[in-house]
Amino acid sequence: METRGRILRIPAMTMRGGTSKGVYLLEKDLPEDRSAWDPILLRMMGSPDRKQIDGLGGSQSVTSKVAIIRPSSRADADVDYTFAQVSVDKPIVSYKGNCGNISSGVGPFAIERGLVPAGEGITTVRIYNTNTDKLIAEDVQTEGGAVRYEGDFSIAGVPGTAAPVRLRFLDPAGTLGRGLLPTGQAIDMLEVPGYGPIQVSIVDAANPLVFVKAEDLGMTGRELPEEINGDPERSRLLETVRGLAAVRLGLIADHTASAWETPGIPKMTIVSSPQDYQASDGTLVRKEDVDLAARMMSMQKAHPTYAMTGAMCTAAAAVIPGSLVSQVCRDGMDAQRIRIGHPGGVLECGVDYEQADGLPRIRDTFGFRTANLLMDGVVRVACQR
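Each residue of the sequence shown is one higher than the one before, counting from 1 in the working numbering.
Be a bit skeptical, because a hint or two may be false.
Subject to a maximum C-alpha distance of 25 Å in a straight line, what follows is the list of computed PhoX-like cross-link-like pairs (lysine-lysine) [unchecked claim]:
#1 51 - 96
#2 28 - 96
#3 301 - 90
#4 213 - 301
#5 301 - 51
#6 90 - 51
#7 301 - 96
#8 213 - 287
In case anyone wonders, no lab produced these hints; they're calculated from the structure.
The whole structure should be built from the sequences, with the hints applied where relevant.
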């Protein structure tokens with residue numbers, strides 16, 4: 001990091017990771033004092049501003065993310081990775097939880113920056129996520145000592161094809177330190193002011209999620225992001241449920257403060273049984289091609305596709321007896337190939353587990369993403385006086 005007066009010039013890469021996009025930095029290029037990070041990241045992304053016109057953010061939560069990487073001192077990891085969710089319209093940077101889509105770019109970035117040597121064919125990068133205290137094993141396609149981005153693998157929500165990146169979230173349960181079911185129950189009842197009682201499943205694997213059946217919220221499960229975002233009353237209901245779940249988890253004391261005090265977790269997820277619906281691009285997703293339909297919220301807005309850590313948690317929840325996710329999943333679902341129908345299309349993921357005393361022990365959850373290096377250069381950040 002080079003400082004010129006009140007100007008910081010920070011080496012950075014802009015990368016697409018899965019269906020998200022963010023800025024990737026080396027931790028050594030940020031101040032040692034972590035209290036100085038937030039104003040730098042907010043200024044870098046152009047927040048708070050709905051357009052983020054004066055920064056690198058793309059005006060959506062999925063394009064306002066930062067990955068901060070350093071060599072790891074752990075024997076079981078090559079790099080340490082800290083995820084920062086930069087709010088678009090609020091002066092908030094959240095370090096609670098991880099982003100699986102952005103995680104898919106960490107392996108390529110580590111190789112690009114020389115933190116991990118590239119092998120031939122596949123290079124496995126072992127990543128320790130500091131946000132969740134969890135390990136991710138990431139298989140990156142490499143050729144001739146460099147990352148290979150081009151390929152014929154496609155993911156819903158990203159145009160074209162690219163080389164696949166395989167992610168395995170190892171022992172993903174309990175990022176909050178309270179196990180797979182942090183409340184101790186597969187079903188919790190939340191009393192929603194002005195609405196009444198609602199059943200939820202609060203599950204913690206890769207990230208904590210709160211699952212609700214679409215029908216219990218007066219939804220069909222076929223809604224697209226613009227429909228959800230265009231209904232302020234529905235959006236308030238969703239955030240109220242999420243806030244009450246955050247209180248149940250002990251993350252906050254007042255559910256009305258959820259958007260400010262814990263904006264990123266737990267992630268709000270609406271699930272329903274397999275059904276035909278029209279994806280955001282107009283294509284028909286058939287119920288025969290999915291094992292459940294799901295919609296997620298991200299920073300109080302509908303996720304345009306589906307979070308990768310959300311998919312990992314959904315896969316884990318699908319094998320918990322009695323959970324709302326297991327209730328809506330297709331009978332005979334293959335745990336090695338769980339197909340989640342989301343607004344962008346279909347995301348496939350899987351879970352390795354063993355049943356113990358009626359509750360699964362999750363060995364790992366896994367899935368495939370793609371990544372792309374978009375820019376390698378220097379970001380200029382004007383510090384506030």
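Evaluation of the provided hints:
1. 51 - 96: holds, 24 Å
2. 28 - 96: Since the Cα atoms of residue 28 and residue 96 sit roughly 21 Å apart, the hinted pair holds (cutoff 25 Å).
3. 301 - 90: holds, 13 Å
4. 213 - 301: Cα-Cα ~18 Å, so holds.
5. 301 - 51: Status holds; Cα separation ~15 Å.
6. 90 - 51: This hinted pair holds, its Cα atoms lying about 12 Å apart.
7. 301 - 96: holds, 17 Å
8. 213 - 287: holds, 17 Å
Checked against the numbered hints given earlier, this structure breaks none of them.
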